[in-house]
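Asker: If you want the building blocks of each chain, they are given just below.
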Amino acid sequence: MTYLKNFTLVIATFFLLYTEVRVNTFMSGNEYLAALPFLIYLFYVATLKFSRNSIIVLILNGFYYDLLFTDNYLGYTSIKFLLICMIINFIFTKGGSGFITNFLLFYVCTLLYKFEIIFVNIDTNLLYLLVICFPNYLLFKALTGNLRRDVFSTKI
Amino acid sequence: MIDSNNPKRRVYIFYILGILLSATILTIDIFSEKNLSKYFNEKLSFLSPTPALNNSNFNFSSFEIFETKSRLINENIRLKNEVIELRKLKIENEKLKNEIVANNSVIKEVDASIYDIFKTSILFKTTTDEYIISGGENINLKEKDLVIDKNSYVVGIVTKVNQDRSIISTILNPNFSIEGIDKYDNQYLITSDSQNLLINSLSLEAESTDIKYIYTDIAFGHPGQFPIVDLSSTQVNIANNKIRAEQSINFRINNFSDLYLIKTK
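Chains as they are written, first to last, in the working numbering: chain E, 1 to 156; chain U, 1001 to 1265.
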């Protein structure tokens, strides 16, 4: 059952990654608009589901991304995903948990996620990443709000 | 001080082990000159299906289902299907006419006896602002082959070739750079900041601002001479034995952009 669950999770996250790349390709004309569903998953893992079960999922997703969507060496993106998760989790456990704090943390997560393109034109890229991460953060809040709702323990 | 048996610390250790595992695979891939990633890429290409390069041919077999049903349905429905078929053909015909107009403008500019021209399509955009296009080793594409637009201006170069897809770096990529020459054989390095093309001379044979076109050249590993920029309406500066110019990029790319791959026959 555990294997089946992990396999389903890997397939689902592959789909998230594929969707992210596909949607952003369609929206490539507008640099202030980007859907980052896999980043949302990464942030969710780093802040709310930080466990060793996620490691293999992140490694396999990194491999999937390296093999099919970039010319990176195999393993590069896996290291990036794992490092992002560790860094964000470390900051999350040290910092507060308010809306603004979490948003800033999500912004840091976005900066790490897109660090390859930041240094080229740092001013513009910092601004547009701030713009694109806001709707994605709202989506994260909306999704985690729903996921956390425990319907069985709710008093009727 | 974190306790050594702290479960969170143990998770960090597992993460570090994961990073080490990935780093090991990365090292193997580096030392095998990407043979490892190439092997898996070919095996796993079904996870990211690629459309065929010439996918605009109308396929009548899609109507087979109607034909099998036509044994059971009456003449009236068969005629209805034929009308649908004709309508689809009409739409397809319009599409092909538009494509012919776009292709003609490229063929006019490019000598089809020397070069192979492949129309390609954007599949994905990567996080590093590069694009994955259809067509790779299956059409003998090589690194440094050119991507041109319908006006025959170079808008990108092939940076990596896989079996049925390739990665291109376009002039919208902030890391884009390409070497070119002008009519005086001055050599240039053209880079992009995603908004403007920055033209800087590498070596000068003649100091003149009357440059007009800067071309790609076979000397830089490209298939031949294709214009990268037209400087006829751009201010060109000469200072300290260097030619500099800056030109804004008007090119925009999306899933429906007409892009052509150029390679020598």
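Since the hints were made in silico from the structure, they are not lab data. Any given hint might turn out to be false.
Claimed, not checked - Only pairs whose alpha carbons sit at most 30 Å apart, straight line, appear in this in silico DSSO-like list of lysine-lysine:
{"#": "1", "chain 1": "U", "residue 1": "Lys-1144", "chain 2": "E", "residue 2": "Lys-114"}
{"#": "2", "chain 1": "U", "residue 1": "Lys-1043", "chain 2": "U", "residue 2": "Lys-1263"}
{"#": "3", "chain 1": "U", "residue 1": "Lys-1212", "chain 2": "E", "residue 2": "Lys-114"}
{"#": "4", "chain 1": "U", "residue 1": "Lys-1043", "chain 2": "E", "residue 2": "Lys-5"}
{"#": "5", "chain 1": "U", "residue 1": "Lys-1242", "chain 2": "E", "residue 2": "Lys-114"}
{"#": "6", "chain 1": "E", "residue 1": "Lys-5", "chain 2": "U", "residue 2": "Lys-1144"}
{"#": "7", "chain 1": "U", "residue 1": "Lys-1034", "chain 2": "U", "residue 2": "Lys-1090"}
{"#": "8", "chain 1": "E", "residue 1": "Lys-114", "chain 2": "U", "residue 2": "Lys-1142"}
{"#": "9", "chain 1": "U", "residue 1": "Lys-1119", "chain 2": "E", "residue 2": "Lys-141"}
{"#": "10", "chain 1": "E", "residue 1": "Lys-114", "chain 2": "U", "residue 2": "Lys-1038"}
{"#": "11", "chain 1": "U", "residue 1": "Lys-1043", "chain 2": "E", "residue 2": "Lys-114"}
Asker: With reference to the structure, classify each hint as holding or not holding.
Answerer: Structure-based check of all given hints:
no.: 1; hint: U:Lys-1144 to E:Lys-114; verdict: 26 Å, holds
no.: 2; hint: U:Lys-1043 to U:Lys-1263; verdict: 27 Å, holds
no.: 3; hint: U:Lys-1212 to E:Lys-114; verdict: 37 Å, violated
no.: 4; hint: U:Lys-1043 to E:Lys-5; verdict: 24 Å, holds
no.: 5; hint: U:Lys-1242 to E:Lys-114; verdict: 35 Å, violated
no.: 6; hint: E:Lys-5 to U:Lys-1144; verdict: 44 Å, violated
no.: 7; hint: U:Lys-1034 to U:Lys-1090; verdict: 47 Å, violated
no.: 8; hint: E:Lys-114 to U:Lys-1142; verdict: 28 Å, holds
no.: 9; hint: U:Lys-1119 to E:Lys-141; verdict: 43 Å, violated
no.: 10; hint: E:Lys-114 to U:Lys-1038; verdict: 24 Å, holds
no.: 11; hint: U:Lys-1043 to E:Lys-114; verdict: 28 Å, holds
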